[in-house]
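> Chain by chain, the residues:
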Amino acid sequence: MPLKVTVEAKPGGTYFIIRPSGSIDATTFQILANEVESVLNQSPTLIIFDLDQVGYVSSAGIGVVLAAEKVMKKAGGKALLVNLKPQIRKVFDIVQALPPQQLFNNTRDLDEYLAEMQRQVREGPSA
Amino acid sequence: MDARKTREFRILNRLPELDALADGLREFCLAAGMSEEEFGDVRLAVEEAVSNTIRHGYGDGNDHAIHVRASLEPGELQLEIEDDARAFNPLEAPLPDVDLPVEKKPEGGLGILLLRSVMDRLDYRRSGGRNFLRLARRLKRT
Numbered sequence: 001m002p003l004k005v006t007v008e009a010k011p012g013g014t015y016f017i018i019r020p021s022g023s024i025d026a027t028t029f030q031i032l033a034n035e036v037e038s039v040l041n042q043s044p045t046l047i048i049f050d051l052d053q054v055g056y057v058s059s060a061g062i063g064v065v066l067a068a069e070k071v072m073k074k075a076g077g078k079a080l081l082v083n084l085k086p087q088i089r090k091v092f093d094i095v096q097a098l099p100p101q102q103l104f105n106n107t108r109d110l111d112e113y114l115a116e117m118q119r120q121v122r123e124g125p126s127a
Numbered sequence: 001m002d003a004r005k006t007r008e009f010r011i012l013n014r015l016p017e018l019d020a021l022a023d024g025l026r027e028f029c030l031a032a033g034m035s036e037e038e039f040g041d042v043r044l045a046v047e048e049a050v051s052n053t054i055r056h057g058y059g060d061g062n063d064h065a066i067h068v069r070a071s072l073e074p075g076e077l078q079l080e081i082e083d084d085a086r087a088f089n090p091l092e093a094p095l096p097d098v099d100l101p102v103e104k105k106p107e108g109g110l111g112i113l114l115l116r117s118v119m120d121r122l123d124y125r126r127s128g129g130r131n132f133l134r135l136a137r138r139l140k141r142t
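Residue numbers (the working numbering), protein chains in the order written: chain X, 1 to 127; chain V, 1 to 142.
If a hint is listed, it holds; no wrong ones were tucked in.
To give an idea of the interface, some chain X residues facing chain V are shown, with a C-beta separation under 8 Å as derived from the structure:
1) D25
2) T27
3) Y56
4) S58
5) S59
6) G63
7) A67
8) K70
9) K73
10) K74
11) Q87
12) V91
13) V95
Dumping the calculated PhoX-like pairs for lysine-lysine here, alpha-carbon to alpha-carbon at most 20 Å:
14) V:K140 x X:K90
15) V:K104 x X:K74
16) X:K10 x X:K78
17) V:K105 x X:K70
18) X:K4 x X:K85
19) V:K105 x X:K90
20) X:K78 x V:K104
21) X:K73 x V:K105
22) V:K5 x V:K140
23) X:K70 x V:K104
24) X:K78 x V:K105
25) X:K74 x V:K105
26) X:K73 x V:K104
Counterexamples of contact, computed for chain X against chain V with all Cβ distances above 10 Å:
27) V5
28) G12
29) L40
30) T45
31) R108
32) L114
33) P125
By construction, these hints were calculated from the structure, which means they are not laboratory data.
Positions of the beta carbon are idealized from the N, C-alpha and C atoms, including for glycine.
Based on the sequences and whatever the hints tell you, model everything.
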């Protein structure tokens, strides 16, 4: 299945949502890798991979996410994954590509996490 | 031979051929009553094994055929992947240490880890200059 990728830049350009659609496999991963590279060049503090429209991911796709997380972490940011179908979640869990607290099964859980992050920025960490 | 229970696929050693292989496997697996989840594991294992062979198994730039045979047995799906690539036993390949912190986490070897994780049984032999990798996935019902 072909892969399409859309990128949404949030206001301020520090926060990007990358939405792949299709299969991320050995023949398509470079499409995603190219979009991720463009985003990383803008020095974001947060990248969110919304995998709602992804039906399949192989190690090639995981490699793209893992490489992005390495760059993000080095720069003090992070990558998050949201809307993982059970089969996709299983693959990420096997290889432990990201810490479990950076994986969100749905948008509501992610929104709560982001709201807490914003609260901490405003008020400082909870005691 | 019951065509609903056995099927052979032949592709060339080019990554784009994996799409047709995945389509054929999906058709076979779903017609056999397997779930999308079970097919997902089968696709993952076969693609990881075959893509590894295509990327690393040949150095001559020539076309090579890769054969994938699927066989539905009571309670499980069996697969055999045959190729004439360099000898490679994925059962002896070192697995990446996924417990390392992300900055030290290896990006290679993840495919072999996935292959070995989603299949219930693997067996490898080298015979006549060819690799034979057998995989088996237990099924909930067939």
